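Enquirer: Chains as they are written, first to last, in our numbering: chain A, 1 to 143; chain B, 1 to 139.
Hints were generated in silico from the structure; no laboratory data involved. The reader is advised that the hints may include incorrect statements.
DEER-style ranges, computed between Cβ atoms [said to hold, decoys possible]:
1) A:Leu129 / B:Val75: 55 to 63 angstroms
2) A:Ala132 / B:Ala18: 48 to 56 angstroms
3) B:Ala18 / A:Arg45: 17 to 25 angstroms
Here are the simulated SDA-like cross-link-like pairs (lysine to any residue), alpha carbons at most 20 angstroms apart as the crow flies [as the list claims (entries may be wrong)]:
4) A:Lys105 / B:Ser138
5) A:Lys105 / B:Met14
6) B:Lys135 / A:Glu9
7) B:Lys130 / A:Ala122
8) B:Lys130 / A:Leu48
9) A:Lys38 / B:Arg83
10) B:Lys135 / A:Gln114
11) A:Lys127 / B:Val71
12) A:Lys85 / A:Leu48
13) B:Lys130 / A:Val106
14) A:Lys127 / B:Glu124
15) A:Lys127 / A:Gly3
16) A:Lys38 / B:Lys130
17) B:Lys135 / A:Asn97
18) A:Lys127 / A:Ala51
19) B:Lys135 / A:Gly135
20) B:Lys135 / A:Lys38
21) A:Lys38 / B:Val52
22) A:Lys85 / A:Phe44
23) A:Lys38 / B:Ser138
24) A:Lys105 / B:Ser89
25) B:Lys130 / B:Leu7
26) A:Lys38 / A:Asn97
Selected chain A positions facing chain B (Cβ under 8 angstroms, derived; list incomplete) [said to hold, decoys possible]:
27) Gly3
28) Ala4
29) Gln13
30) Leu15
31) Gly19
32) Tyr20
33) Leu25
34) Ser26
35) Asn31
36) Val106
37) Ala109
38) Asp110
39) Gly112
40) Ala117
If you're wondering where the values come from, they're calculated on a predicted model, not measured in any experiment. For each residue, glycine too, the CB sits at the ideal point set by N, CA and C.
Residues per chain, in single letters:
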Amino acid sequence: MLGAAGGLEFFRQVLELRGYRQQILSADLANASTPGFKAVDLDFREALAAAAAPDTADRIWLVDDPRQLPRPGGGTPKSAAEAVKYLIDRPVTLDGNSVDLDREKVAAADNGVQYEAAATFASQTIKMLATAIGGSSPSGAGA
Amino acid sequence: MSLLSVLPIAGSGMAAQAERLSTVASNLANANSSLTSTGQPYRAREVVFAAVSPDVEASGAAALGAAGVRVAAVVESDAPLRRVYDPGSSFADQSGYVQAPNVDPVQEMVNMISAQQDYQANLEAFNVAKTLALKTLSI
């Protein structure tokens, strides 16, 4: 039981960070022609490791606003924006833009699939919990 | 929810590219307009994009994050005007030349293709976010 509920919390974090990465990637795409704009990306491995770590000061909460109240159990709210990094060693155009349209599109598609996978896992976890509670499959015939 | 913030960002990209496209259309339509309301020949216009972070004012969040785009300015090209030899025209100067717009059709075409690609990329990002949000609703 506890394991399944913990898994749900993990997938919640994965979904949040994947959603955030999607936001970063779409910002890159929106600025594909902005002079001087440098492409960024979320270091997903680092962000998830920080988000899934036990409650410490280093733990990343995806907060919408730094004034948000800290969660019980310690840790200061940090933004996942701290795991966003510039893509270095990328060709830069004459106007100072380093967005590679193809790379961003591929990354967005890949991130989308990963998001769907996490959503499916979360959904299965909920079904599993429902089965444990009700004793029968939620979609099954009998109650 | 971060996924829904993708929609305004991709939307800002689409709006900006649409404005760029309309500038291209304006330039092509006026490629031969030797007279505008200022009395001067038409000058090619270009949009200037600037990244804008939606949550800078709200939270003072780190600059390195998701940013939309906006059209910061529309500038007129300062390339020299073309000079066309047309002694019959009423606008011709003493040596028979007429000043014509500095629109470069080849450059406009390239600009148009680039705008199209960028627009498509934004649309793709928009659709992916929409699909994912719907998928999340079905958890």
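Enquirer: Evaluate each hint against the coordinates.
Expert: Hints, one by one, checked against the model:
1. Remark: the range hint 55 to 63 angstroms for A:Leu129 to B:Val75 is upheld by a beta-carbon distance near 59 angstroms.
2. Here the CB-CB span from A:Ala132 to B:Ala18 is close to 52 angstroms, well matched to the stated 48 to 56 angstroms.
3. At roughly 37 angstroms, the beta-carbon separation of B:Ala18 and A:Arg45 lies outside the given 17 to 25 angstroms, and the hint is violated.
4. Using a Cα cut-off of 20 angstroms, the hinted pair A:Lys105 and B:Ser138 is violated, with the two alpha carbons roughly 25 angstroms apart.
5. A hinted pair counts as satisfied when its Cα atoms are at most 20 angstroms apart, and A:Lys105 with B:Met14 qualifies at roughly 15 angstroms.
6. For the hint pairing B:Lys135 with A:Glu9, the CA-to-CA distance comes to about 18 angstroms; that is within 20 angstroms, so the pair holds.
7. At most 20 angstroms may separate the alpha-carbon atoms for a hinted pair to count; B:Lys130 and A:Ala122 meet this at roughly 19 angstroms.
8. A distance of roughly 23 angstroms separates the Cα atoms of B:Lys130 and A:Leu48; the hinted pair therefore is violated under the 20 angstroms criterion.
9. Restraint check for A:Lys38 and B:Arg83: not satisfied, since their Cα atoms lie roughly 40 angstroms apart, outside the 20 angstroms limit.
10. For the hint linking B:Lys135 to A:Gln114, the alpha-carbon distance of about 12 angstroms falls within 20 angstroms, and the restraint holds.
11. Our distance criterion of 20 angstroms between C-alpha atoms is broken by A:Lys127 and B:Val71, whose separation comes to about 47 angstroms.
12. Restraint check for A:Lys85 and A:Leu48: the C-alpha separation of about 15 angstroms stays at or below 20 angstroms, so the hint holds.
13. A hinted pair counts as satisfied when its Cα atoms are at most 20 angstroms apart, and B:Lys130 with A:Val106 qualifies at roughly 17 angstroms.
14. Between A:Lys127 and B:Glu124 the alpha-carbon distance is near 32 angstroms, which puts this suggested pair outside the 20 angstroms criterion.
15. Note on A:Lys127 and A:Gly3: the hinted pairing holds, with a Cα-Cα distance of about 14 angstroms set against a maximum of 20 angstroms.
16. A distance of roughly 26 angstroms separates the Cα atoms of A:Lys38 and B:Lys130; the hinted pair therefore is violated under the 20 angstroms criterion.
17. About 33 angstroms separates the Cα atoms of B:Lys135 and A:Asn97, which puts this hinted pair outside 20 angstroms; it is violated.
18. About 25 angstroms separates the Cα atoms of A:Lys127 and A:Ala51, which puts this hinted pair outside 20 angstroms; it is violated.
19. Straight-line distance between C-alpha atoms of B:Lys135 and A:Gly135 comes to about 27 angstroms, which puts the hinted pair past the 20 angstroms bound.
20. Annotation: proposed proximity of B:Lys135 to A:Lys38 is violated, straight-line Cα distance about 31 angstroms (limit 20 angstroms).
21. Between A:Lys38 and B:Val52 the alpha-carbon distance is near 13 angstroms, which keeps this suggested pair within the 20 angstroms criterion.
22. For a cut-off of 20 angstroms, the pair hint linking A:Lys85 to A:Phe44 stands: about 10 angstroms separates their Cα positions.
23. At roughly 36 angstroms between alpha-carbon atoms, A:Lys38 and B:Ser138 are farther apart than 20 angstroms, so this suggested pair is violated.
24. Our distance criterion of 20 angstroms between C-alpha atoms is broken by A:Lys105 and B:Ser89, whose separation comes to about 52 angstroms.
25. At roughly 8 angstroms between alpha-carbon atoms, B:Lys130 and B:Leu7 fall within 20 angstroms of each other, so this suggested pair holds.
26. Taking the CA atoms of A:Lys38 and A:Asn97, the gap is about 6 angstroms. The hint holds against a cut of 20 angstroms.
27. The beta carbon of A:Gly3 comes no nearer than 19 angstroms to any beta carbon in chain B, farther than 8 angstroms, and the hint placing it at the interface is violated.
28. Interface hint status for A:Ala4: violated, as the beta-carbon distance to the closest one in chain B is roughly 14 angstroms, over 8 angstroms.
29. Residue-level restraint check for A:Gln13 is violated (minimum Cβ-Cβ distance to chain B is 12 angstroms; threshold 8 angstroms).
30. Because the beta carbon of A:Leu15 sits about 7 angstroms from the nearest beta carbon in chain B, less than 8 angstroms, this interface hint is met.
31. Interface hint at A:Gly19: satisfied, since its Cβ lies 4 angstroms from the closest Cβ of chain B, which is below the 8 angstroms cut-off.
32. Because the smallest distance between the Cβ of A:Tyr20 and any Cβ of chain B comes to about 4 angstroms, under 8 angstroms, the interface hint for this residue holds.
33. This hint holds: A:Leu25 has a C-beta 7 angstroms from the nearest C-beta of chain B, less than the 8 angstroms allowed.
34. Against a cut-off of 8 angstroms between C-beta atoms, the interface hint on A:Ser26 holds, since the closest Cβ of chain B lies about 4 angstroms away.
35. With a cut of 8 angstroms, the hint placing A:Asn31 at the interface with chain B holds, because the nearest CB-to-CB distance is about 5 angstroms.
36. About 11 angstroms separates the beta-carbon of A:Val106 from the nearest beta-carbon of chain B, more than 8 angstroms, and the hint is not met.
37. For A:Ala109, the interface hint holds, since its Cβ comes within 8 angstroms of a Cβ in chain B; the closest pair sits about 7 angstroms apart.
38. Annotation: interface hint on A:Asp110 violated; nearest CB of chain B at approximately 10 angstroms, more than 8 angstroms.
39. A cut of 8 angstroms between beta carbons decides the hint on A:Gly112: the least distance to chain B is about 5 angstroms, and the hint holds.
40. With 8 angstroms as the threshold, the beta carbon of A:Ala117 stays out of range of chain B, its nearest partner Cβ sitting at about 10 angstroms, so the hint is violated.
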